[in-house]
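Full structure from sequences and hints, please.
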Amino acid sequence: MLPGRARAQVPPSSEVLGLDSAGNPAHPSAQSSLYTSTPPTTPQPASVNPAHLPDIGEIPAQDLPTPVPQQSAHPAPGDWAAYGASDAQNRFSPLTQITPENVGRLRRAFIYHTGSLPPRDKPNKWAAETTPIKIGDSLYLCSAMNDMMRVDATTGREIWHYHAGVGYDSIPYTAACKGVTYFTSSQVPQGELCHNRVIEGTLDARLIAVDAATGKACPMFGHNGQVNLMQGLGWAVPGTVSMTTPPPVVNGVAVVNHEVLDGQRRWAPSGVIRGYDAESGKFVWAWDVNNPDDHHQPGPGKFYSRGTPNSWAAMAGDDKLGLVYVPTGNSAADYYSAMRTPAENKVSSAIVALDARTGEPRWVFQTVHKDVWDYDMGAQPTLFDYKDKDGQTIPALLVPTKRGQTFVIDRRTGKPLADFPVVEKPVPEPSRIAGDPRSPTQPWSVGVPRLGVKELTEKQMWGMSPLDQLYCRIKFRRAHYKGEFTPPSLDKPWIEFPGYNGGTDWGSVAYDPKTGIMLANWNNTPMYDQLVTRQTADRMGLRPNDVPQPAASGESSLAEGNGAMADTPYGIVVSPFWNPYTEMLCNQPPYGMITAIDLKNHKVLWQHPLGTARANGPWNLPTGLPLQIGTPNNGGPVVTAGGVAFVAAATDNLLRALDMKTGKVLWSDVLPGGGQANVMTYGVNGKQYVAVMAGGHHFMRTPVTDDLVVYALPDEAQPGKGQAAEADKK
Numbered sequence: 001m002l003p004g005r006a007r008a009q010v011p012p013s014s015e016v017l018g019l020d021s022a023g024n025p026a027h028p029s030a031q032s033s034l035y036t037s038t039p040p041t042t043p044q045p046a047s048v049n050p051a052h053l054p055d056i057g058e059i060p061a062q063d064l065p066t067p068v069p070q071q072s073a074h075p076a077p078g079d080w081a082a083y084g085a086s087d088a089q090n091r092f093s094p095l096t097q098i099t100p101e102n103v104g105r106l107r108r109a110f111i112y113h114t115g116s117l118p119p120r121d122k123p124n125k126w127a128a129e130t131t132p133i134k135i136g137d138s139l140y141l142c143s144a145m146n147d148m149m150r151v152d153a154t155t156g157r158e159i160w161h162y163h164a165g166v167g168y169d170s171i172p173y174t175a176a177c178k179g180v181t182y183f184t185s186s187q188v189p190q191g192e193l194c195h196n197r198v199i200e201g202t203l204d205a206r207l208i209a210v211d212a213a214t215g216k217a218c219p220m221f222g223h224n225g226q227v228n229l230m231q232g233l234g235w236a237v238p239g240t241v242s243m244t245t246p247p248p249v250v251n252g253v254a255v256v257n258h259e260v261l262d263g264q265r266r267w268a269p270s271g272v273i274r275g276y277d278a279e280s281g282k283f284v285w286a287w288d289v290n291n292p293d294d295h296h297q298p299g300p301g302k303f304y305s306r307g308t309p310n311s312w313a314a315m316a317g318d319d320k321l322g323l324v325y326v327p328t329g330n331s332a333a334d335y336y337s338a339m340r341t342p343a344e345n346k347v348s349s350a351i352v353a354l355d356a357r358t359g360e361p362r363w364v365f366q367t368v369h370k371d372v373w374d375y376d377m378g379a380q381p382t383l384f385d386y387k388d389k390d391g392q393t394i395p396a397l398l399v400p401t402k403r404g405q406t407f408v409i410d411r412r413t414g415k416p417l418a419d420f421p422v423v424e425k426p427v428p429e430p431s432r433i434a435g436d437p438r439s440p441t442q443p444w445s446v447g448v449p450r451l452g453v454k455e456l457t458e459k460q461m462w463g464m465s466p467l468d469q470l471y472c473r474i475k476f477r478r479a480h481y482k483g484e485f486t487p488p489s490l491d492k493p494w495i496e497f498p499g500y501n502g503g504t505d506w507g508s509v510a511y512d513p514k515t516g517i518m519l520a521n522w523n524n525t526p527m528y529d530q531l532v533t534r535q536t537a538d539r540m541g542l543r544p545n546d547v548p549q550p551a552a553s554g555e556s557s558l559a560e561g562n563g564a565m566a567d568t569p570y571g572i573v574v575s576p577f578w579n580p581y582t583e584m585l586c587n588q589p590p591y592g593m594i595t596a597i598d599l600k601n602h603k604v605l606w607q608h609p610l611g612t613a614r615a616n617g618p619w620n621l622p623t624g625l626p627l628q629i630g631t632p633n634n635g636g637p638v639v640t641a642g643g644v645a646f647v648a649a650a651t652d653n654l655l656r657a658l659d660m661k662t663g664k665v666l667w668s669d670v671l672p673g674g675g676q677a678n679v680m681t682y683g684v685n686g687k688q689y690v691a692v693m694a695g696g697h698h699f700m701r702t703p704v705t706d707d708l709v710v711y712a713l714p715d716e717a718q719p720g721k722g723q724a725a726e727a728d729k730k
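First residue of the sequence shown? That's 1 in UniProt numbering, and the numbers climb one at a time after it.
You may find that some hints are simply not true.
[Said to hold, decoys possible] In silico PhoX-like cross-links for lysine-lysine, where the CA-CA straight-line distance does not exceed 25 Å:
| # | residue 1 | residue 2 |
| --- | --- | --- |
| 1 | LYS514 | LYS425 |
| 2 | LYS415 | LYS459 |
| 3 | LYS492 | LYS475 |
| 4 | LYS282 | LYS415 |
| 5 | LYS387 | LYS600 |
| 6 | LYS282 | LYS216 |
| 7 | LYS514 | LYS387 |
| 8 | LYS454 | LYS425 |
| 9 | LYS320 | LYS387 |
| 10 | LYS492 | LYS482 |
| 11 | LYS389 | LYS492 |
| 12 | LYS216 | LYS415 |
| 13 | LYS661 | LYS387 |
| 14 | LYS492 | LYS454 |
Treat the hints as calculated values from the structure; they're not laboratory data. The structure presented is a predicted model; accordingly, all values stated were derived computationally and were not measured.
This is the structure:
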């Protein structure tokens, strides 16, 4: 029932952590740890990329070739040309063949096996999270370990398979590849190698481009089709820096972000955002938060500023405005902000709009000020045009968050739209950690209904029996909790709610531009966190990933969210707010929901629990019961012009079809593995297909497979087949 992420226990209350002999909070020096690194200004040896790729140089922005229009700008109705369907990243399809009347007749068309499964002799870190793209008659996708494939979209026959050669040691917390990018060259003639190409970022920090027709590496891109993304990042061990999302190509520039493994050290590798020429792979620009005026690569012996906010979520871009929208995370050491620079505090947990040709910041919209709750931006923003009360059409950006707050801003300026105001509300407490004050206010969207429970109460504590409920009520009373922005504490745990896996995460939302309805599945899962002194962190074995782990510790000290935070005075212990005996969360269900919101009238259209108890239960045992309890979920929905939405995501391993008018489940199928991926749909030769990667997820504790499962209606149940076929030809 409960995801496996950050399952470490808060130390028992009999050991009061972080108090000196007088009973006052102690603040030991960060230098007391055995695992302290050198300061960020100390010269460090350059990292060696696993592929040993040389630097291929820079190209000035003014010398960039003029790009041709891309497939993702205006996809054919049957295509799914980008991670989120199109450059709008709205996860909407204009296909209408599948309707509420016939969706119950969906059948499996084929299953494609990527061939990527966890090795039997190593811990399972698999979570493919892949969404294919579809161009013409082919699907293009990546495996959990970054192999790329082209597959016949009607039969599942593999046309080519590119082996990326990523090693197990390069996996950060999760082996995942959310998708690939399709790019058409203006410099390579049609019909020649790499006129059309498929681009991906890898777990071992490479940017790879292959020919879309053959899968052969593009020799004119980087070093035989590969670019070393570790250039300028300085020292890091494998698994620290990785790419898991497809790089958007905006005005001919492939914009690259990367994940930096959470919780390890304050002076982790930089979160720098970079642009590369999509034609040649040459470096174009960098946006380094603490060096805002220097957009070049660092010279020999120099590196991008370390520990700055990274961006791991899928980005979006607007070719017309020439902007790329970057969802940012926090500076390294998520739960302690006293060592951050003012520049870092300004851009963390925000959407930052960068000039796609130069890397120059144009505006910043921040969703959390001085974030110490790991409320980083996990969801891809969505582009849409909003018609306001005066009839004016405004280019807007839909910004979902882990907080369950959804912001609507002008994508030209970053300002909230007048119809979707944002207000600053005071926080419950200033701080509980000396020298690390909190922001006095936090932003709240008052124009979009919030996704989630407003706050926890003791009455909401829940269990299978009165004793279970009592246990959770005692835990509730023993922790600090004064609402959403309860600050971190050292003397005892604090409750974080909705939690860092709450609200909307990497699956983002779907938006129907015809009806103005946003569809979002989201989580309601609190956390039970506590800062610990440096000495206590060392005693608990909380080591950063660059320090060898004792064989007996397994992966526990590297659990995501739970970390050494080396180079700071504190470590962090993160646990779900749960009953460890039953492995059930302490707050009452539902834990996962799906909500349709009409953005035209700012009201909830419908809302239902998402996920049943069939594969969930106490002690992680499936009950087999079809009770709609609402389970934790990860992975996003798709909406169609046919009036049907599809979503998997929940831990009951079902793919569901929903009526967009009511949210009623019209059809479902049991997947061979966990459906923790975004669903997509496409059309070929008059037939509409629905596809989901049922690869499972180690964090969600769902079955892991290598199965891409594709559905379609039987021929006799396909109304409008001729119309769909004609649309495919356009």
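| query | Can you list which hints this structure breaks, lowest number first? | reply | Of the numbered hints given earlier, those the structure breaks are 1, 2, 4, 11, 12, listed in rising order.
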